[in-house]
Structure formats: C-alpha cells, structure tokens
Amino acid sequence: MDNLTLAKTKNTLGVSFDSSTGILDLTGSSYPENTAEFFRPLITWIQTYFLEVTGNLNLNVKIDYLNSSSIKYLSDMVDKLENYHKGGGKVEINWYHKEDDEDIMEMGQEIKEDVSFPFNIISV
Amino acid sequence: MTEPQENDPPWKRSEEILYEYEGICDNKLLVKFTEHLLNSFEQVLTPQELKIVMFCSNELLQNMGFYSAEREELDDKVAVGKGSYRLAINDSEILLTSVNMILPQQLDKLTEKINYYNSLNAEELKALYKQKLRTESPEDSKGGGIGILEIIRKTKNPVRFTINYQENKIYVTLQAIIRRTTDNG
Chain A
10 MDNLTLAKTK
20 NTLGVSFDSS
30 TGILDLTGSS
40 YPENTAEFFR
50 PLITWIQTYF
60 LEVTGNLNLN
70 VKIDYLNSSS
80 IKYLSDMVDK
90 LENYHKGGGK
100 VEINWYHKED
110 DEDIMEMGQE
120 IKEDVSFPFN
130 IISV
Chain B
845 MTEPQENDPP
855 WKRSEEILYE
865 YEGICDNKLL
875 VKFTEHLLNS
885 FEQVLTPQEL
895 KIVMFCSNEL
905 LQNMGFYSAE
915 REELDDKVAV
925 GKGSYRLAIN
935 DSEILLTSVN
945 MILPQQLDKL
955 TEKINYYNSL
965 NAEELKALYK
975 QKLRTESPED
985 SKGGGIGILE
995 IIRKTKNPVR
1005 FTINYQENKI
1015 YVTLQAIIRR
1025 TTDNG
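Top to bottom, those sequences are chains A and B. Take 10 as the starting number for the first sequence in the numbering used here and just add one per residue. Take 845 as the starting number for the second sequence in the numbering used here and just add one per residue.
It should be emphasised that the hints constitute simulated quantities derived from the structure, not laboratory data. On a predicted model such as this, the values are computed, not experimentally measured, just so you know. Among the hints, a few may not be true.
Once the Cα atoms are required to be at most 30 Å apart in a straight line, the calculated DSS-like pairs of lysine-lysine come out as [what the hints assert, rightly or not]:
| # | chain 1 | residue 1 | chain 2 | residue 2 |
| --- | --- | --- | --- | --- |
| 1 | B | Lys895 | A | Lys89 |
| 2 | A | Lys107 | B | Lys976 |
| 3 | B | Lys953 | B | Lys970 |
| 4 | A | Lys17 | A | Lys107 |
| 5 | A | Lys71 | B | Lys921 |
| 6 | A | Lys107 | B | Lys974 |
| 7 | A | Lys19 | B | Lys976 |
| 8 | A | Lys121 | B | Lys895 |
| 9 | B | Lys876 | A | Lys107 |
| 10 | B | Lys953 | B | Lys998 |
| 11 | B | Lys974 | A | Lys89 |
| 12 | B | Lys957 | B | Lys974 |
| 13 | B | Lys974 | A | Lys99 |
| 14 | B | Lys926 | B | Lys1000 |
| 15 | B | Lys921 | B | Lys970 |
| 16 | A | Lys17 | B | Lys998 |
| 17 | B | Lys957 | A | Lys99 |
| 18 | A | Lys19 | B | Lys872 |
| 19 | B | Lys953 | A | Lys99 |
| 20 | A | Lys107 | B | Lys970 |
| 21 | A | Lys95 | B | Lys921 |
| 22 | A | Lys17 | B | Lys953 |
| 23 | B | Lys895 | A | Lys71 |
| 24 | A | Lys19 | B | Lys921 |
| 25 | B | Lys957 | B | Lys1000 |
| 26 | A | Lys121 | B | Lys976 |
| 27 | B | Lys926 | B | Lys976 |
| 28 | A | Lys19 | B | Lys895 |
| 29 | B | Lys1013 | B | Lys895 |
| 30 | B | Lys998 | B | Lys926 |
| 31 | B | Lys974 | B | Lys921 |
| 32 | A | Lys17 | B | Lys957 |
| 33 | A | Lys121 | A | Lys89 |
| 34 | B | Lys895 | B | Lys872 |
All chains should be built: construct the whole structure from the sequences, respecting the hints.
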C-alpha cells in the first residue's frame, strides 16, 4: 500500500500517512476551497489501510486551526478509527495543542469523550 | 452623527472598525484575510480572541461565498457569492458582521434555524453539535452544516440576526459577538 503525503499549504493540512509504520501525521491549518475534495482521499486511505494492512494506527494531530467543515471530516475520520478499534484494531491519537490554545485543546477534549481507544491530549 | 448614548444597544456604541470588506467571498479572500489577521492583530487581540475571530470570520465569509444570492462568475466559471463583512471592536465587545442578499425561499428556513440555535443553552448546543457531526450534511449545505452553531458555541453568545428589505431584495445581517473580559486589556 502506498504512503500518502501532502505538503502543508496556508489553508490545507500537511499530511503524512505511512503504511509501513501506521503512523499518520496531520499538521497546520485547514480551510480548503473544497473540504470534501481534500479529506476524501485521506478517509479512503485509512479505510484501505484497515482492509489491507490491518496493523496498528497512530494518528498525531498538530493543528492550528480547523474550519467547521474540516471539523466534520476529521470527526468522520475519528469515527472510522473508533470502528476499527471496536473490531479489535489497535488505535491511538496524540492530540497536540499550544499551551495557550484553549480552542484546539477543547476540540480535542470533545472528540476524546466519544472514543474508547487511547486519546492523549498533549500541551506543547 | 449623534453621540452614542448609554442605553444604546452595543452595536450603536462607539466602535473602531478594524477591517471592512465588500465583494466576492472566495477562498482566496479567506486566505488573505486570515494572513492579515495573524499578522496585524496580535497586539490588539488576545490569542484566544484571535482564534475565535479567525473562526467566526472564516465561517461568515465562507457562508456568503456559498449562499449569497448575489453571485459573480469567476474565471473558472464558478459562481461565488458576494457580500460585505466588518470587524469592529469597542471596550467590551468584538463585533463581526456579515451582510448578504438571500432569496425569499431561503428566509423562513434560515430564520427558524438561527432562532432555534439562539434558544439553546451550552449543553444543548454541544449535544446538537455532536449529533450534526454524525449526520450527513443537508443537500443544500456546501459546508459542514455546523458553521453558525459553532459560532454561537465559540463566542458563547447568540448571533444577532436582522433582515432588511431594499428594492424588493432581502438582505440578511449576521453578527457574532465576542465579549471581552477585563483582563483582555
């Protein structure tokens, strides 16, 4: 399975999904022109990983800003991880936020409420 | 110009306009405006205020781009909505205002939606937010369908919503209000 790498831009996230390690990194800000067009390949990659690789998955989220439609797609991604975990897969999210960024911290806390796998909120 | 009075509603009080825009609300504008916010307002707003202003501005501008009935076709033949946006500040509040034209058939649904959101308390808003995250966006929604809901949650205030009729056209004004705390300076 191929890795998925997208360079960070002013309004789209940097993406590094590694199929050999199961380590997925999301960095930066997200308010794309077409949110669905940006996030669909990411969600498809994760679904393919669950089917073909069936390995552990570690998602590192280091975001500065998400618009509302990006929040919705990220939430969808987390739901896919939760389903994988419920089916016996090993999943973990590390959610990073700047010390003074309550917004991103609270966003992480709300997502954490709805998952049963390890979800670490880390202040940097 | 009349002097602001003590009993005036907040939006009539003296305020400093930090940013004003009128025109096409496409993604290029969002990128430019976000850069401008991050580069120019660090000294004026606290980090927390800056994040909320960025979020609300982005949602209001994007809403106009998606849903304004006044549209202009760009080079790539995509029609983008037009409207006006203003970021203003006074001693106690940050006011983010968008004005755009809507179609008569959009009015009832929009009014009903905003009045409903404005009537909810924080817990009810959170429950609705989580429910909407897990449901498909409505067919007529071009975003995530949670923008206004999130503006209310992040500002911790109802959005101010007014309708104006001008020459058979309907204009909707949406105003997000961020109350400044004393230690914000």
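Starting from Lys19 of chain A, check that the Cα of Lys921 of chain B is at most 30 Å away, please.
Holds. Lys19 of chain A to Lys921 of chain B sits at ~24 Å (cutoff 30 Å).
30 Å limit on alpha-carbon distance, applied to hinted pair Lys17 of chain A and Lys953 of chain B
Distance ~37 Å between Lys17 of chain A and Lys953 of chain B Cα, so the pair is violated.
Distance restraint between Lys107 of chain A and Lys970 of chain B, which requires alpha-carbon spacing of 30 Å or less
holds, 23 Å
Take the C-alpha atoms of Lys974 of chain B and Lys89 of chain A, compute the straight-line distance between them, and say whether it is at most 30 Å.
Answer holds: Lys974 of chain B to Lys89 of chain A is near 16 Å, not above 30 Å.
Would the pair Lys953 of chain B and Lys998 of chain B pass a check requiring their Cα atoms to be no farther apart than 30 Å?
Answer holds: Lys953 of chain B to Lys998 of chain B is near 23 Å, not above 30 Å.
Please work out if Lys19 of chain A and Lys976 of chain B have their alpha carbons no farther apart than 30 Å.
At roughly 27 Å apart (the allowed maximum being 30 Å), Lys976 of chain B and Lys19 of chain A satisfy the hint.
Hint consistency between Lys107 of chain A and Lys976 of chain B [alpha-carbon to alpha-carbon, up to 30 Å]:
holds, 27 Å
For the pair we were handed, Lys19 of chain A and Lys895 of chain B, check the Cα-Cα distance against 30 Å.
Since the Cα atoms of Lys19 of chain A and Lys895 of chain B sit roughly 16 Å apart, the hinted pair holds (cutoff 30 Å).
Check whether the Cα positions of Lys895 of chain B and Lys71 of chain A lie no farther apart than 30 Å.
Satisfied, since the Cα-Cα distance of roughly 16 Å is no more than 30 Å.
For Lys926 of chain B and Lys1000 of chain B, compute the direct alpha-carbon distance and say whether it is at most 30 Å.
Holds, at roughly 27 Å.
Distance restraint between Lys95 of chain A and Lys921 of chain B, which requires alpha-carbon spacing of 30 Å or less:
Violated, because 45 Å separates the two Cα atoms, which is more than 30 Å.
Straight-line alpha-carbon gap Lys121 of chain A to Lys895 of chain B, limit 30 Å
Holds. Lys121 of chain A to Lys895 of chain B sits at ~21 Å (cutoff 30 Å).
In this structure, the hints that do not hold are numbers 5, 15, 17, 19, 21, 22, 29, 31 and 32, in rising order.
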